[in-house]
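There are 2 protein chains.
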Amino acid sequence: MKKRKFWGWGYEDDLLTASEEESIEARILSTFDVQEVSILPIPKAEDIELPSVKISIPKSLESILTDDHLERLNHSYGKSFADTARALLKDFSSPPDLIAFPNSEEELIDVMDWANSNNIAVIPYGGGSSVCGGVETFVGDSYAGVISLDMKNLNKIIEVDGESRAARIQAGILGPDLENSLKQLDLTMRHYPQSFEFSTLGGWIATRSGGHYATLYTHIDDFVESTRMVTPSGVIESRRLPGSGAGPSPDRLTIGSEGSLGIITEAWMRLQDRPIYRSSSSVEFKDYKKALNATRLISQSGLFPANCRLLDSNEAHFNGAGDGSRHILILSFESADHDMSPWLKRALEIVKSQDGVFELPESQSKNSHRSGSSGNWRNSFIKAPYLRESFVRRGIVQDTFETAITWDKSYEFIEEVKKQTSAAIKEISGKPALVACRLTHCYPDGLAPYFTYGAYATPHTMIDVWREIKLATNEICVSLGGTVTHHHAVGRDHRPNGYDIQIPGGFKDMLTSAKERVDPLGIMNPGTLIDPTGIEIQNWITKK
Amino acid sequence: MKKRKFWGWGYEDDLLTASEEESIEARILSTFDVQEVSILPIPKAEDIELPSVKISIPKSLESILTDDHLERLNHSYGKSFADTARALLKDFSSPPDLIAFPNSEEELIDVMDWANSNNIAVIPYGGGSSVCGGVETFVGDSYAGVISLDMKNLNKIIEVDGESRAARIQAGILGPDLENSLKQLDLTMRHYPQSFEFSTLGGWIATRSGGHYATLYTHIDDFVESTRMVTPSGVIESRRLPGSGAGPSPDRLTIGSEGSLGIITEAWMRLQDRPIYRSSSSVEFKDYKKALNATRLISQSGLFPANCRLLDSNEAHFNGAGDGSRHILILSFESADHDMSPWLKRALEIVKSQDGVFELPESQSKNSHRSGSSGNWRNSFIKAPYLRESFVRRGIVQDTFETAITWDKSYEFIEEVKKQTSAAIKEISGKPALVACRLTHCYPDGLAPYFTYGAYATPHTMIDVWREIKLATNEICVSLGGTVTHHHAVGRDHRPNGYDIQIPGGFKDMLTSAKERVDPLGIMNPGTLIDPTGIEIQNWITKK
Chain Z
1 MKKRKFWGWG YEDDLLTASE EESIEARILS TFDVQEVSIL PIPKAEDIEL PSVKISIPKS
61 LESILTDDHL ERLNHSYGKS FADTARALLK DFSSPPDLIA FPNSEEELID VMDWANSNNI
121 AVIPYGGGSS VCGGVETFVG DSYAGVISLD MKNLNKIIEV DGESRAARIQ AGILGPDLEN
181 SLKQLDLTMR HYPQSFEFST LGGWIATRSG GHYATLYTHI DDFVESTRMV TPSGVIESRR
241 LPGSGAGPSP DRLTIGSEGS LGIITEAWMR LQDRPIYRSS SSVEFKDYKK ALNATRLISQ
301 SGLFPANCRL LDSNEAHFNG AGDGSRHILI LSFESADHDM SPWLKRALEI VKSQDGVFEL
361 PESQSKNSHR SGSSGNWRNS FIKAPYLRES FVRRGIVQDT FETAITWDKS YEFIEEVKKQ
421 TSAAIKEISG KPALVACRLT HCYPDGLAPY FTYGAYATPH TMIDVWREIK LATNEICVSL
481 GGTVTHHHAV GRDHRPNGYD IQIPGGFKDM LTSAKERVDP LGIMNPGTLI DPTGIEIQNW
541 ITKK
Chain V
1 MKKRKFWGWG YEDDLLTASE EESIEARILS TFDVQEVSIL PIPKAEDIEL PSVKISIPKS
61 LESILTDDHL ERLNHSYGKS FADTARALLK DFSSPPDLIA FPNSEEELID VMDWANSNNI
121 AVIPYGGGSS VCGGVETFVG DSYAGVISLD MKNLNKIIEV DGESRAARIQ AGILGPDLEN
181 SLKQLDLTMR HYPQSFEFST LGGWIATRSG GHYATLYTHI DDFVESTRMV TPSGVIESRR
241 LPGSGAGPSP DRLTIGSEGS LGIITEAWMR LQDRPIYRSS SSVEFKDYKK ALNATRLISQ
301 SGLFPANCRL LDSNEAHFNG AGDGSRHILI LSFESADHDM SPWLKRALEI VKSQDGVFEL
361 PESQSKNSHR SGSSGNWRNS FIKAPYLRES FVRRGIVQDT FETAITWDKS YEFIEEVKKQ
421 TSAAIKEISG KPALVACRLT HCYPDGLAPY FTYGAYATPH TMIDVWREIK LATNEICVSL
481 GGTVTHHHAV GRDHRPNGYD IQIPGGFKDM LTSAKERVDP LGIMNPGTLI DPTGIEIQNW
541 ITKK
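As you go down the protein sequences, you meet chains Z and V in turn.
Going by the numbering used here, the first residue of the first sequence is number 1, and it counts up by one from there.
Going by the numbering used here, the first residue of the second sequence is number 1, and it counts up by one from there.
Think of the hints as simulated: they come from the structure by calculation, not from any bench.
Keep in mind that a hint or two might mislead.
Which chain Z residues face chain V? A few, computed with CB under 8 Å, are given here [to be verified]: (1) Ala144; (2) Gly243; (3) Pro248; (4) Ser249; (5) Ile255; (6) Val357; (7) Asp408; (8) Ala489; (9) Asn497; (10) Tyr499.
Even glycine gets a Cβ: it sits at the ideal position worked out from N, Cα and C.
Bound conformation, chain Z alone (with noise of 0.2 Å):
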């Protein structure tokens, strides 16, 4: 079994090259003009001090229970930039006490009612790759202890509906062995988020995880048939439907929920046929009002295409799909069923008339292989979170944030967020920095603009520049009319100033009401998405 690394993405072995280092080294020194970098040791979990265990294992829960050292670590932290920053810094201040991992939902539902009993704070756990705190287990001083409970073991496909093209599936399972074993029945779930490798069924549903393709089914809202959820009260099922208009949907309170309500054990999911026909191009666009202009009519068209990501100048250059001198659309159409060339015909037609430059379609035919621009893109969206470390380990603040917005607003809206955030940037680190973006999604109605930055700071400082700039970037998103995430989820780090200006008040009434109602001691995820009722905790990211 490879081990993953405790302190950041992927497994242990898996390391930049001597040469990759060097080259991202020597980009950092150019871009904020500085002389040297300092570069902080990979750690090493036997020179972690942790603190002492406050709760004891009983003896019913021993072969589920465990307050292994390595595996505290492992579940301390998600994979945000603070997480990894202060896995580098070997600042572990509060690891869970425990963690479970159980072998089936009755195991789980007595770790539930253990802790339910004993005012434990649980802290569901899939692939841990939370960019957004949504894993943290600092919990305050009013809990016994914590918990983190990792679903790694229910993790199987349990049932599956050719006909209908649905499964049951165990929520515990990561991308990668899910898209496996579905490709042996010739279907696929078709839902890749950037974390794809190791995430899991469970948080996508309760993370709203937004996939790679562009348009149409891509969420997983839209995947779910329905859920299974065990709550300090008891399981909440929902009836495996197609549709229905039998009051609120009950999923679409899952969905989203972010382990507050409760942890989804288990989901009848949509699948498709394996696509097997793939029409696409590339576009360079030198006016990017006109690049989103056809962005939008496109989205508006009723073409559906997979993909159309359209990258900025800066974003095409930064993933090595352009000089930097264009920006650059990746428009892709597939399908199972259908030659999709007439689509892609249409969608050409489109880009035209909003001046995009195309080369004739990199590929039309049937199983064709990824190549040209969409192809660099997508080699370099894979490779971006290993690369990130290396940033972390020389104090760089890399980092992400994304939102979504109406096309009425939509230039004014990307220019303003990118204007903005380089002032904050400025201001807070004290050089400039270049902001960078790319849609992820397009809608009808509008499309979600995904940011990437660098800002200088060094290992002792870089916690304290990324937290005022997150502040910062979930200030600006909410208050220029966006939503503080689009698909990366709120978890605590976008609660201050983001989350809790942008939840209707009456909402959050409700939704906390039904918080107290399944989850009367607010043991699960406490300090994501609201606090529990009477339990004040405080979130890391704003504490001192």
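Chain Z is already provided as a structure; the job is to place chain V on it using the hints.
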């Protein structure tokens, strides 16, 4: 101003011709093998006595509230079979005491505050087209009185955002008024429930209305960009966003709340360009299994037909879309952007693989008019509610019920529902009955079957017969794994032995807590979806 019938569908002067009446009577005599039927006269408002008004109109609300006799009649019932039956029988035993016609949200809030302070139940009323007891004003004895809150004066389009194709619209607008206004802007919402003429935006959102189209963007759920709802505890307004991953969707708790949490006053709605390209065909099948299979394959193809409505042979015959020997699939594609011939061509290949027989496509041209089977079907669809009245006057129970199920169970489910419903009707009414089925909506993972039946009764027995059949069909749909309603809503009629069984227990708890939070005195549409805690209110449908 044309006056609506207080006892039935449409305007007072929209009556069937003498020959239409004769033909219906002849059909009844032959269908049920009886010698004669008695016929109830159309009631006159002035002949109906109403219970006295229990509450007095406060000075400050004199211009908003009325105790007008005809308005009390108008607002006593929705448009279910039992509603029309009770009206024709002049049974108006539980009318609203008063009707409110607020002219602004401020006035609406004034009415709500007054009702909340005086223990008065509030029944939200849009177009009054509920077919499931959603606007029922029988609220038992625990309230000081009951008012119907009619939204007809909040009927403006407030703001249009052409770039995002969205508009901010007041909830009381009727379907035709909405579409006529949008037409001037070359836009459409393209949401056409069968009740279109006499239903409102707010009603559609509150009941999770299903539109006429078969796939993709047809449900009101997907058109909602943001909502604004007045609850007894204040206004809840969501942020206007094309998509968001910030916690559970606030809108999805409002959508389907059926007036039990508050009254929706306005919403930002997603619009579309008006289709100008149409390609359609109708396909005949001998074998129902193959017809279902063709429908499934098209639903899973990613072609997204605007119409994909499978009528079984009985349903086709009833609606003049066939001679009763074949099952008919009405298939059409629409687009505002591009010729849909390639889409139809592929769909017809699929149909052919399942032995479907079709003539050359009826029309594939720009701006073509509807014709052939699909045209016949459409006329019949709009006419249906008018025809039904004629049956009710003769004591014949003519009604529909609808559900949804996954594809794996589709054939057996439809056959079993028909069989069990026929058997139940035979037992209840003493005479055999034909149950016909059409599919109203298709999903990649399932379908929504819609059943029509006629059952023999007399004006004297029809309500009891209908009630017994309604309770039977609730139970049949839910016990066979379907939903008690796919797009008609829950109201009161689908609660006992339907929604109350189907709703996940823990979700019901959460919904109840949410309601208690925003409607602590339980004045909002009591008895719909859930009962206000502490107030025992009988549903009219179980009251003897």
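Each hint tested on the structure:
1. Ala144: Violated, about 25 Å.
2. Gly243: Holds: closest Cβ of chain V sits about 5 Å from Gly243/Z, inside 8 Å.
3. Pro248: Holds, about 4 Å.
4. Ser249: 6 Å, holds
5. Ile255: Given a least distance of 6 Å, the restraint on Ile255/Z holds.
6. Val357: Status violated, d = 22 Å.
7. Asp408: With Cβ-Cβ at 4 Å, under 8 Å, it holds.
8. Ala489: For Ala489/Z, the interface hint holds, since the closest Cβ of chain V sits about 6 Å away, which is under 8 Å.
9. Asn497: 13 Å, violated
10. Tyr499: Tyr499/Z check passes; min Cβ-Cβ to chain V is 5 Å, inside 8 Å.
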